[in-house]
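According to my numbering, the sequence shown is numbered sequentially starting from 1.
Treat the hints with caution; some may be incorrect.
With a Cα cut of at most 27 Å, we get these calculated DSSO-like pairs of lysine-lysine [stated by the list, open to error]:
{"#": "1", "residue 1": "K146", "residue 2": "K40"}
{"#": "2", "residue 1": "K40", "residue 2": "K237"}
{"#": "3", "residue 1": "K245", "residue 2": "K6"}
{"#": "4", "residue 1": "K113", "residue 2": "K65"}
Read the hints as simulated data drawn from the structure, not as lab findings.
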Amino acid sequence: MSPKAKQAIIDALPNAFRYPDSARNTLLSETAKAFNLSDKHITLGNGSSETIKAAVQFIANKGQKEQKKVQLIVPDPTFDYAEYCAKPLGIDIIKVPVDDKTLAFNFPLMQEKAHSFNGISLIYLCNPNNPTATVTSTTILNQWIKSANENIFFIIDEAYAEFASSPEFVSAIPLVYAGYNNLIITRTFSKIYALAGFRIGYGIATPEIIEQVNDFVTVDNINIAGATAAIASINDKNYAEYSRKSIATSRKIVETALADLNIEYLPSHANFIFHKIKGDLKTYQNRMKEMHIMVGREFPPAYGWNRLTLGTPEEMQYFVTVLYAFREKGWI
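Taking the hints into account, I'd like the entire structure generated from these sequences.
Listed below in structure tokens is the structure:
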């Protein structure tokens, strides 16, 4: 967390008895300013998860008003929160498997599923993707968004965008500048700014879309401590750069070890690495837990893979030491 964010939280404590309206409005303006947009282009959320949920509800409501069926198309595997939100609304969920070898999105099949559907297709794409940390071809994605018919809407989840340095990755935000009304981009302060516990996220879209999405956003969804921390963070360019460099160093430590151990992994464009493991994940989890390393959940259908979140370089050096010890025991 940015030292400036820590101080902002301390400074905000005397105002804890107040509602967060002022801090919320300032955060809205500062976020818009960071992207050279107006306040009307931004919606704030209790984490980007609330923005995703509001966007799903907006499309479900649109389908109800227009008496059209709605389907959600997602790559598989990916972050599953959009599916979680869609299921209770009666939205059909279409999972499109990623490429067997590269784990890249299967755009032709997703497009076929969307264009052949007699109703509204909601496309959820996480870029860089979670859990694979791979980036999507911006050219293909932008072409689809630009050419899509009025019954196709996109949620582009860019939670890890600040970590992506590859020229392959280009944010979808320029499409909002261009006035496209068929997408919303979601981002968060949880990752590069390390404010996950404060639950601050946001969406970027045209004012027309933001106005409709805001119908499904909770009142006073931003807390005063989180808002002030986010304001300080978005203006602390030095911390953002420090965070990027720290993750890059950690990534290099792990990738070097994985390559040396001949463990398959995907090139990472985020703050985590997707790598192969030997045997089942549950056994791997238990063994790592004994070494005080917590391993996350499985991501079906990517069985035999582990999503490793990158910590500090010191933490990842410890992880690598454990990994080599596991190799000596024949566990990996």
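Taking the hints in turn, this is what the structure says about them:
About 22 Å separates the Cα atoms of K146 and K40, which keeps this hinted pair within 27 Å; it holds. At roughly 24 Å between alpha-carbon atoms, K40 and K237 fall within 27 Å of each other, so this suggested pair holds. In summary, the hint linking K245 to K6 is supported, as the alpha carbons are separated by about 20 Å, within the 27 Å threshold. A distance of roughly 23 Å separates the Cα atoms of K113 and K65; the hinted pair therefore holds under the 27 Å criterion.
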